[in-house]
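Chemist: Spelled out from the first residue to the last, the chains are:
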Amino acid sequence: MTQNLLEVENLRVEFPTRRGTLVAVDDVSFSIAPGEVLGVVGESGAGKSLTGAAIIGLLEPPGRVAGGEIRLGGQRIDNLPYEKMRRIRGKEIGAIFQDPLTSLNPLYTIGRQLTETILTHLEVSEAEARDRAIKLLQEVGIPAAERRIDHYPHQFSGGMRQRVVIALALCANPRLIVADEPTTALDVSIQAQIITLLKRLCRDHGAAVMLVTHDMGVIAETADRVAVMYAGRIAEIGPVRDVIKRAKHPYTEGLMGSIPKLGGDEAKLAQIDGSMPRLTAIPKGCAFNPRCPKAFDRCRAERPDPIAVGDTKVACWLYDDAHKAAAE
Amino acid sequence: MAMDIVRRALDSDIFYSFRRSPVVVVAALVTVVFFAGAIFAPWIAPQNPFDLRQLNLMDASLPPVWLPDGMPEYPLGTDTQGRDVLSTILFGSRVSLLVGFLSVVFAMVLGVGLGLVAGYMGGTVDAIIMRIADVQLSFPAILIALLIDGVARIVIPREMHHEIALYVLILAIGFSGWVQYARTVRGSCLVEKSKEYVQAARVIGRHPAAIMFQHVLPNVMGPVLVIATIHLALAIITEATLSFLGVGVPPTEPSLGTLIRIGNNFLFSGEWWITVFPGAALVIMVLAVNLLGDWLRDALNPKLR
Amino acid sequence: MIAFVIRRLLQAVLVMLAVGFVGFSLFAYVGDPVSIMLGQDYTQEARQRLIQDLGLDQPFFIQYARFIAGAAQGEFGISYRLARPVAELLLERLPATLELSLCAAVLALAAGVPLGVYCGLNRDGWLARLLLSVSLIGVSLPTFLIGILLILFFSVILGWLPSFGRGDVVQLGGWSTGFLTPTGLRALILPSITLALFQLTLIMRLVRSEMLEVLRTDYIKFARARGLRNRAINFGHALKNTLVPVITITGLQLGGIIAFAIVTETVFQWPGMGFLFIQSVQAADVPVMAAYLMLIAFFFVLINLVVDLLYYLVDPRLRIDKGAAGGHGGH
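Protein chains in written order, with the numbering used here: chain A, 161 to 488; chain B, 6 to 310; chain C, 547 to 877.
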């Protein structure tokens, strides 16, 4: 088995507030293999974007990594000094943010933004950097790249800008791309194009992807494996087919039930009652227990840790040996 | 019920950020002291500096109490006519705060009113009001106040000067500051106007303006309060400046600015306290109000923290 | 580009006409110029003749047009107080005011912008917090009081610097400059600091808050995520974006410097236009007031025009017409 590219172990992200410390990401562990696409899904506030921000080392203060480890290619990166982490950002880990309209500096041409990124990380001349920038723009499907490289962001449409953002993330051939809701701000008609492009490019460049989204459809189409997050923890993580077709955690089941299937014959969409708890009021035991149709006493008392079931790990007492034995 | 409101207020974020910052607490205390001193000046001042019977020329030009020749009756010394500097400061703050406060109220009423009209009516009315605002904004408030005040002095017959100079000053300073209120309120109006409930109000037979104002006014309360606080500091400075230039309040009712102007003449003869203490009072008062305004802006706008 | 400049120029002309209207109204209706010019004893014919000479029997708009035409040629009538042509009076004092304002503006910008940038970048550092606190005192100090305190300290107590006047000036083809003599330069120091300090603190606070605003934006976060050096992010991306709003407000502040020159000139008895203006207000010398107003308005309009053009140069979103750029990839 090849070594994992990224390993996240017992990650904990805290926000100190005046009413006590909020734990926004709690005891999250997962790994990404080279070239693999890991989808991370969950409702807003589930901690998925913060996990991404923690990996690229750009948690916004007062948020901080309060525990656990993040390793990239075996090297620990969560405790690096700023300057060392800066050299990793962009070079080893590329990032794509949600809103292409605001991700680009309006006062610089896209060419300038591309070449400065290339020149920061690679030992090339200005001319070589420009050539590389044009090639990247062609790769992400910007027509007439030689001409458009000198244009300003406001001269591009939203979809085109997100292509530029992807080019920027790929500038220095990073081994990992953290994409935080890369299509949420785009027109539905363009979302599929961008996702296809992202997937193809990462395969071509051999980059692994951590794809953060709340869109199960995007995950199903793109990801190799998927992690489902709920209230700061991973509820279920496993190969995408298993999680989608044979969801194990009652929360995942609910999520899958809420996606309309083409040609499906279900009369109505399932939905989960209630809403995710706020970080200030996470219930005792399993965070999902108040909404869970299958909850039993233990769920209200003890917090479940991930339990391996086949290739999947699921944090649910239903899969605990003691419970299974009792059920039989 | 009342207890509940008090408890909620004490638990609110604003009160929390208030308690957290000792500087702001001090600023609030200073402001309260100044307001109290100004309001109760006739009762707490050791002397009425404008009652000639209470003045004693023998006591003229005395330094503050801690210097040689200082007398304990005059803690901050006396001016060249034997007036107690502390008393003139108390009475001067009274005029300064009165002018500042009333001109802020005038600017607020004018600005909020015009902002509502511009935001609600839109079209030509909006364009005209906002164009005037733009042009006025490109001229410093002090210049506009100076101009209005200067013209008023010429137009108004000389005999009436003393009586209405104070009100002219209030109007002049107030008029020079309405633009920011108007812009804020107009912006909020435009946001609310596009919302559906305003349109829906028409359907259920209520005047859309009425329901809109009901929603706009609470929304702009915070920003307007912030603008008003900072504007109060500015208005006090403007009044002091105009009075210093000799076109402000009449000399019979001196404000802090007038006191500084009068004292300025004695700077070279060594009687610095006649200028410096009113000046210090002015700065401390304005600083306290500015600190409150600054804090209020940050507290009401958590994004900036 | 040309269309933009023409539109801006037209707006400037409109503003000047509006200000001219105010100036003209002052001139024509405030304080009855005829009786002031005639003095105590006059005959009815003399009065009629003067009214005709001044064109006061003409319809309103003709009078207004004449006033504007006169103003455009620098013709503002005769000062009531000094009985000399107003244009002459103002021209004599123009160099004093402009030299003072220039020194103050350079000082305010050269200190205010770097301090603001520093405070924005190190928002939680002790020096930045100290500067911010001190700046609030600066904002709370009225200009005239700064002047008085500087005079008290440097002129009265220490006796280092002069407390009034311009010192010796040199005539350079009608322009009297204080830049070329030691006394002239020494005389400039206190008034320049006085005039600059208030604007300096305002500019510093403004730059700081704009900088903080920009540092919160997504493109700065994205620039960090790209691993750019801090230097490039702070002094390239962030500073350039900060400049856009700062230019506008700095323009307004320069206008403020010219206005507050009135106060500074009064404190230091600086023989400039502002001092003349205050004396005119106190003496109800309407022609000087009207002319000063027009001149100041002219400066403001000029500054605003320059600001708009700078804006245009800094921000490509204004420079490039969106439609003309074309090529909206719609595939």
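Simulated from the structure, these hints should not be mistaken for laboratory data.
Please note: incorrect hints may appear among the correct ones.
Stated by the list, open to error - Facing chain C, from chain A, some residues (calculated, C-beta under 7 Å):
(1) 250
(2) 251
(3) 255
(4) 264
(5) 265
(6) 344
(7) 360
(8) 363
(9) 456
(10) 469
A virtual CB, placed ideally from N, CA and C, is assigned to each residue, including glycine.
Chemist: Please flag the earlier hints that this structure goes against, numbers listed from lowest up.
Modeler: Numbers 6, 7, 8, 9, 10 - these are the hints that the structure violates, sorted from lowest upward.
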